[in-house]
Structures are given as structure tokens and as C-alpha cells.
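Please build the complex by placing chains B and C on the supplied structure of chain A, with the hints as guidance.
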Amino acid sequence: MAKTNRGRFFEDYRLGEVIRHAVPRTLSGGERALYHALYPARHALASSDEFARSVGLDAAPLDDLIAFHTVFGKTVPDISLNAVANLGYAEGRFLKPVHAGDTLTSESEVIGLKQNSNGKSGVVYVRTTGRNQQGEAVLEYVRWVMVRKSDLEAPAPETVIPDLAKAVPADRLVIPAGLDFTNYDFSLAGEPHRLGDYAVGEKIDHVDGVTIEEAEHMLATRLWQNTAKVHFDATFRPDGRRLIYGGHVISMARALSFNGLANAQMIAGINAGAHANPCFAGDTVKAWSEVLDVAETAAPGVGAIRLRLVAVKAGAAPFALKGEDGKYLPEVLLDLDYWALMPL
Amino acid sequence: MAKTNRGRFFEDYRLGEVIRHAVPRTLSGGERALYHALYPARHALASSDEFARSVGLDAAPLDDLIAFHTVFGKTVPDISLNAVANLGYAEGRFLKPVHAGDTLTSESEVIGLKQNSNGKSGVVYVRTTGRNQQGEAVLEYVRWVMVRKSDLEAPAPETVIPDLAKAVPADRLVIPAGLDFTNYDFSLAGEPHRLGDYAVGEKIDHVDGVTIEEAEHMLATRLWQNTAKVHFDATFRPDGRRLIYGGHVISMARALSFNGLANAQMIAGINAGAHANPCFAGDTVKAWSEVLDVAETAAPGVGAIRLRLVAVKAGAAPFALKGEDGKYLPEVLLDLDYWALMPL
Amino acid sequence: MAKTNRGRFFEDYRLGEVIRHAVPRTLSGGERALYHALYPARHALASSDEFARSVGLDAAPLDDLIAFHTVFGKTVPDISLNAVANLGYAEGRFLKPVHAGDTLTSESEVIGLKQNSNGKSGVVYVRTTGRNQQGEAVLEYVRWVMVRKSDLEAPAPETVIPDLAKAVPADRLVIPAGLDFTNYDFSLAGEPHRLGDYAVGEKIDHVDGVTIEEAEHMLATRLWQNTAKVHFDATFRPDGRRLIYGGHVISMARALSFNGLANAQMIAGINAGAHANPCFAGDTVKAWSEVLDVAETAAPGVGAIRLRLVAVKAGAAPFALKGEDGKYLPEVLLDLDYWALMPL
Chain A
1 MAKTNRGRFF EDYRLGEVIR HAVPRTLSGG ERALYHALYP ARHALASSDE
51 FARSVGLDAA PLDDLIAFHT VFGKTVPDIS LNAVANLGYA EGRFLKPVHA
101 GDTLTSESEV IGLKQNSNGK SGVVYVRTTG RNQQGEAVLE YVRWVMVRKS
151 DLEAPAPETV IPDLAKAVPA DRLVIPAGLD FTNYDFSLAG EPHRLGDYAV
201 GEKIDHVDGV TIEEAEHMLA TRLWQNTAKV HFDATFRPDG RRLIYGGHVI
251 SMARALSFNG LANAQMIAGI NAGAHANPCF AGDTVKAWSE VLDVAETAAP
301 GVGAIRLRLV AVKAGAAPFA LKGEDGKYLP EVLLDLDYWA LMPL
Chain B
345 MAKTNRGRFF EDYRLGEVIR HAVPRTLSGG ERALYHALYP ARHALASSDE
395 FARSVGLDAA PLDDLIAFHT VFGKTVPDIS LNAVANLGYA EGRFLKPVHA
445 GDTLTSESEV IGLKQNSNGK SGVVYVRTTG RNQQGEAVLE YVRWVMVRKS
495 DLEAPAPETV IPDLAKAVPA DRLVIPAGLD FTNYDFSLAG EPHRLGDYAV
545 GEKIDHVDGV TIEEAEHMLA TRLWQNTAKV HFDATFRPDG RRLIYGGHVI
595 SMARALSFNG LANAQMIAGI NAGAHANPCF AGDTVKAWSE VLDVAETAAP
645 GVGAIRLRLV AVKAGAAPFA LKGEDGKYLP EVLLDLDYWA LMPL
Chain C
689 MAKTNRGRFF EDYRLGEVIR HAVPRTLSGG ERALYHALYP ARHALASSDE
739 FARSVGLDAA PLDDLIAFHT VFGKTVPDIS LNAVANLGYA EGRFLKPVHA
789 GDTLTSESEV IGLKQNSNGK SGVVYVRTTG RNQQGEAVLE YVRWVMVRKS
839 DLEAPAPETV IPDLAKAVPA DRLVIPAGLD FTNYDFSLAG EPHRLGDYAV
889 GEKIDHVDGV TIEEAEHMLA TRLWQNTAKV HFDATFRPDG RRLIYGGHVI
939 SMARALSFNG LANAQMIAGI NAGAHANPCF AGDTVKAWSE VLDVAETAAP
989 GVGAIRLRLV AVKAGAAPFA LKGEDGKYLP EVLLDLDYWA LMPL
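Residue numbers (our numbering), protein chains in the order written: chain A, 1 to 344; chain B, 345 to 688; chain C, 689 to 1032.
Next up, chain A with everything else stripped away, as it sits in the complex (with noise of 0.2 Å):
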């Protein structure tokens, strides 16, 4: 009996199948502290005890993005060992925040089949949820990916396609218990924009950039316990590069945004997003955004803004998205929609 994970293929996956994600995960101050070195990240409620206190929480949860990864990376070995494409995220909420101390596990239902016409490859739907030792959800968004066949002979599943809402309605978004921004300190925060400062259709240029190291994007992917072989082999691809992890431009694009929207505290929901174009070391990563959409809560205090934000190679036009071919320019990294939790 083979001994090592040769991933699962297309025909390996069955609608409506639940996988269970190995390794569980305990999260402590160190991923904090290697999360703000990795990335430019500042948003004071993640980065201050005190500060979270001071919005009604027990203490400062970790970075949104940290359970993202954390709750991914696990589904890696289980999904997409043997992708192709990434193609899509949908109907992504955060449901509890996440401490030091939490240990995460991740479970996926395959909720959407499709074979490709040419037989070899198909997109597969999985619906990922990431649980805390109480058991209780943290987290849970859908991911479709474009899987290869190993046997070509294996016959074709029924086509399911899932439903999947183009953007979280604001009112399906989980606002952490407690939750109280009346008393926001917009000094400590490092901006006075509240939520009615933002107009939708407007665009913030983040202005900050950070060139990327192989070193950087390797402990980060490693860390999250991510395994895609393209992301630390320099021998693995025809031309010696290693494929930036994108949950990496994510975090990075994150961080930047900070600048202009510092007040956009906490990540409350992913409503669609896509790895334009593939990001390689030696890249600048600078971010832009553009408010898609405001919201009020029934937290006191407490709005939610959507927003695209997007990534892009340094020397890109401002607010560089897609050509008029409709595609992506090649300078164009992410192009993220979510929503984020800000004060009224």
C-alpha cells in the first residue's frame, strides 16, 4: 500500500460527501507576532488587547485572515493537490473570532460537480467549514477548483452547479458578541473615517508597496501548513519559479489597505474573489479598493462596508482592473470582494 497523499482527482469526489481535514491546528501569540512581521498588518483591534476591550471584547481575536489560512491550508492535501485553478470563492462569513489558544480543524462537503468537455479535468464545489475545540463554526466559505482526471476512463458525474449568492447580503453577516464601536477611539485606530466618510463607487489608492522575498511567502504558506508542492520547490515548474501562495497577496493586499482604511476592522464576509494573475518573489504589491457597498448593523456602533480590493504589481495604472477585453490586466494580482466591519 502506497505510504504518501498522491492528492484526490476529479473522479475521486462524490456530491454531498463530507471531507474531514486533517491536522488540527493550536493558534498562540506566535501567529500573531509572525503574521504583523510577515505583512504590514496594523488594524488596531487585532493588534491591541486593550483596544479590543474597548470595542466589548474579551481580549484581541487573531487576524481574521490567520483562520482563513489556517481553516484553507487544511483542506489543501483533501482538494487541491492536484488543481489546476483556483477558480472562485463565494458565500464566505466569519462566524466567531478566533483567539490565541483556539485549536481550528476544517471539514469541506462537496456541493458541486462539473467535467470539463475535453474529459480530463472538472470543477469541484466544496463548502469549508473551520470549527474550534468547542466545536462551534469560525468560519465558512465556498471554493470551486478545476481538478485533473487520473483515469479518463472514469465516467462523467451528474452536473451540479450550486446556487451561490453573488455577495452576502449585509444582514446575513455574524457580528461578534459584544461587539460595541460607540466608544471608538479613532486616534488610537490611526484614522478619523467613519463609515459615512465613504461614498460607494469611491477608490482609495493605498499608496504603500512591499517587494516580495521567497523566504517571506515560504514560512507564511508553510505556516498555515499549506503543502502545494509549486509553492517551495523551485524545481517543480518548468522555469524554477515558485508560485506565490495567493492567500499571501490576500494578506499582503489587506495590510496595505490599511492606509485609508484603517477603521475597516474586522473581515465579516467574502463575497467572490480571484487570483488574476500568478505573483512571483521580486514582485512590488501595492492595493487599491473601491467601496462597493455600506451597511448598517445591529450592533451599536458597528457598520459593514463592502469593498473590492484589489492587488496589483507596482508600475501599475492607477485603479488598474481589467482591459476591454474584459479580462484581468497582467499587472492585476487579486481582485477580493468583501465585507469588512467599520464604525457608523
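No lab work stands behind these hints, which were simulated from the structure alone.
Only a predicted model underlies this, so the values are computations on that prediction, with no experimental measurement involved.
Ideal placement from N, C-alpha and C gives every residue a C-beta, glycine not left out.
A few of these clues could be false.
[Claimed, not checked] Just the calculated beta-carbon pair ranges, DEER-fashion: (1) B:N462 x A:G201: 36 to 46 Å; (2) A:P300 x B:D402: 34 to 44 Å; (3) A:P192 x B:D402: 50 to 60 Å.
[To be verified] Far from chain C, some chain B residues (derived; all Cβ distances over 10 Å): (4) K347; (5) G374; (6) D402; (7) L605; (8) V638; (9) F663; (10) G667.
Same frame as chain A, but now just chains B and C:
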């Protein structure tokens, strides 16, 4: 209203103004581990809870320079985003050890202003204080920087140059409550030399060298939430090089000084400092020290040693410092004058 | 009196002498997070407090090699600063798990000495013991190194070569108190293979590879407070290359071995080890294992598996080890013989 922070220009500062810096920060064992991964730090008091208890403290404090960098990093968006040069330090005192779990904030008072004769920039003097979650001051220091003017028509402020001590007097150093070196374990600390073994004027070549990598200085600088673009963005300077945060060189040199000064356990004061030349990735940093003064303190067994700590690039002549013209030699990176606590 | 440590030379060692190594070290969740960022470590028992509790421990111990590297690092200034070669390991046993919060110290007894026939160097054998803050031994191992003489006139000591076991007998392995694999969750651990699924002589190619960066091996080596210049200073060797600490390769290979040996949860013994060839940044490390032995233990459900773990550079032939001349092939980096605990 522009959402991003363009930083302050010379004409934006007012004498006596107190600037409360953004983004409080809770530190943990994660910062300690990263500090020890980034620098060859080995001073026993910050390395071991048991050693710290054996000299009267509750637990190992975080390395003193973690507190310094954290407090300093917060000032960057308000003080040095448009700085042309970091000119000097004075009257630095470490007032209370910082431990894992502490949350630091930072504020600066403008204590001096002097417009340059060219009318395009000026020097801003600030006294910065770091505080913990109880509001206790943990650190204070004066720094002065040259800052560009944005509006060249803005009138020059009245020139006020603060009267700064050339060195912190030994009797003004603050000794951590409870510190007692009478049962100090020289064997565990790594060297047998006590204060009486050092002579004023003695110079020590610390022998070891470290070649700096881009990933390392960026990890460090982000960890302190220092946002200056020049450290991160390879497209920012015309030469495509990322300038290394001067504090990275301070920590590297201080850690290298363990070899010969293993018992200079805690930094108590910063008298002066100059970043003599810029440091870039690929440089190999070495260090030497000169004993400038020695003093007793009121704490049992605890002496103070005043040291010049000089960081140089590999290949520099022994004890290289200044040329005949009185200027720093090009291979000198740092000239720091500080007080450390050492067993008598 | 020279203040810096020049290290010991061969003539400075005395048979029976016990050297107490400097700088005790308190470990935290920070070291764990860094370990997981530096290596693709995924063994569930060290990754999750909950998993550790499910097999009878109080909380996840730190990865066994964190303890090894920490204890080893302390010996470097006293044992191997003037070493020409690290020749071997034997009789290594992990005696007690190390947890976040523990403070480790290290001491070594000189158990053998043999001057080389050229009179310029000699072999020093030491038995090193690591202890926690309660004074309990957590780890012991024998290491022998070739060390230069400084004074070539110094007389040769009486030759004493210790009688070392070729392997730690299975019944001498220490099983952590409380460890019980009877309810072991193979699904969470990541692979279904139990001890009975492995046959003596079976070889496993662990498939994955990691290309090593300068920043990474230096972060790791500093974290263990290993001060050997050759790892950090690009100006030290004539070829301008920094030699990678052999322990970095051990940890990398052990982490890579998860893929095929996910249930070899804890390292219990080190029988032998050779750093077959030097490793440098840019090398892509891969690993394979051979099952050398299997045994039962007194703990419920807990077996022991003796493994040869071989690290090679990418491009090596399958299961590359030695040439016809009996020497290691140039692409082999490490040949380690160890015991791990695995569910029966």
C-alpha cells in the same frame, strides 16, 4: 477628503504639541521568539524566566530593544514619514521592563523646531514616551529628524532648540524594581566578566558577523509596525535598493556585543546615537564597543556601564570610526552611546 | 583579559569534565509558530493541544526537535566553535516532552578523547543532557566532533573511546507519561497507516521538496542560539557561502517525512546520524525513509518504529545513499537513524 495618510510636513508641527500615536500593540512570546530568530540575542536575563527570577524579577522581560522598536514604530507615521534624515537621539531612559502580555502605546511632545536656512525643510525635536496598559511609562527618549516642508510659503516658526544632556547621568538611570545581582550566575550568563573587569577606554572587538538578508530586515521592521516605504518597496528609491531600518542595525550590533559583553544585561539609557551610513541587504554587520564610563547604582550588586557600540561592515579596519576630517568612515553603520546594567 | 570567547581547543578538554553551558532559554508558543513557519511540520501531536489531550498528554508538546536544537545550540560555544567536523551522534533519548513555558539548560560530560595522528586535532566525545526548570532531564545524546588544537605542543591525552550502542534498544526508549494511542484518530492525524502497515526494509519516498533560502536557515539557527560563524557570515568562508546548520536539514527532512509517516508522531531516540554533505541556500531538499525495525512498548497502543531518514538534493536518484566505494553520494545531505512512536 483624502483617506490616506500623507504624513506631516515641517510646517505642521507646533511647539508643545503632544501627538498621540496610533495603533496600540500587545506583545507576546511570539515577539520574543521572533526577536531571537532575527538577531543572535543571548543575554540571559531576556532569554530565561528562571534566570530573571534568580536576579529578582518576576519573569524574563522582553529584550529592551523590543520595547524601543515598538514605541518608535508608532511614531513613524506622525514624525518621520516625510523625514529626510534621522539626526539623533538623546536622554533615552528605560523606565520599566516590558513583559509578554503588555500593551504599548506611544506619544510624542514637540520640544524643538528649527527651520533650515534653505527654507525647504526643518528640524523637529520630539520627546517620545511609551506606556503600558496601566499607563506607566516604560521608555522615553528624545529624537530629532529633518522634515521636508510641503508649503514652502509657510512661515518659519520661532527657533527653539532644546537643551539636551550629553549623557544621562548615572544617578538618573532607573533600575527595575527588585533587581539584585548579588547571586548572579556568571556561568549560566556565559561570561565571567563583572563591571570591575572593564576599564574606561577599553575597546572590545565582538568578532562575529552577520550578513543581512532582505527578508529579515523587512520581517523585523514590519513587526514593529514601522511603515516607512523606503524599507519595503524596491521601486521607491531610484537605485532599487531597500534601506534597512536603522533600528535593525542597533539590534544586530547589540546582539553581537554579547561576545565580550554578555553581562551587560539590560539597556538602561540611550545617551546618543547616529546612523552613520545606510545599511543594505548583503552587508555583513560586525560590531565593536568602547567602555565610556562605569558607575554604581542603588540596587544590590548592580552596576552601570556606559558603552559606545559601533556597527561596521565586514572588512572595516579594527575599531574603525571616523576619518581625519572628523566624519564617519564609510564602513561605519552605527555609533550608539548607551548605558547597560551589569553585575558589580 | 580578553573578553570574547575564542572557544575551546582540543587540548582544553579533560576526560570526565562536566561543562555547564550558558544561557538558559524559556520557550513559548512563539518558538512553536516559528518552527511551523520554517519547516512544513504537520505531525498532529505537536500541532494541536486537543489532539495531544486525546492521546493522554496535557497539551501539545513542542516539536521534539525544538528541544534538540535548543539543547544543542547551547553546546556550540563550548564544544564546536573550533570544530573541523561534526562526526556523529549516538544514544540519543527524548526523556520528557517540552512544553511552552519550559526553560531549558544544557550540560555536557566529556566521555572520550582521541588525538589524531597528525597531532593537529583530535576527537572529543560528549554526552549532553538538556534539563527543564525542575531539573528533570528532557533529552540526552552523545555527540563527537573533531576539534583543532591551538597549542600543537600540548601533550596528547590518554586515548579513551567510549563504548557506544549501535542503536538505542527499544526497551530503553522512554514513553511520555500518560501516552495512550488506543483512541488515536487516524483521520485527524492525516494518514491511515499504523505500525503494522510498515514492513522492515520498506522504503518511502516522501515526494515533496523545499528550496532553502539564506534568511530561513539563519532565522532557525539563531532561534536555537547557535553561534557558529559559518552559518551567518558570508565573508567567513573563502567561497562566500554560508554553511547551513545540519540541524536545519534534520528538521526539514523530518517535516517532509510527514507525507508517508504522518503517524510517526514523536521522536523517542536518535541512534546515529551523519551530515553526509554540506547544504547551502538554493539547494532543494527532499527526503526518503527506510524502516529499520519495529517494536512494541509498554504504553497502551504505542509502538516504536526505527527509521533511516535520508535528506537528498532534488535530482538525486531514487533512494540514493552510498556509492560502490561505500561513501555517501554527493547529493546526500543527511543520514539519520532514529526511533519514533507510532500507533500499533
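So, going through the hints one by one against the coordinates:
no. : hint                        : result
1   : B:N462 x A:G201: 36 to 46 Å : holds, 43 Å
2   : A:P300 x B:D402: 34 to 44 Å : holds, 38 Å
3   : A:P192 x B:D402: 50 to 60 Å : violated, 39 Å
4   : K347                        : holds, 33 Å
5   : G374                        : violated, 4 Å
6   : D402                        : holds, 13 Å
7   : L605                        : violated, 7 Å
8   : V638                        : holds, 14 Å
9   : F663                        : holds, 14 Å
10  : G667                        : holds, 23 Å
Of the hints listed earlier, those the structure fails to meet are numbers 3, 5, 7, in rising order.
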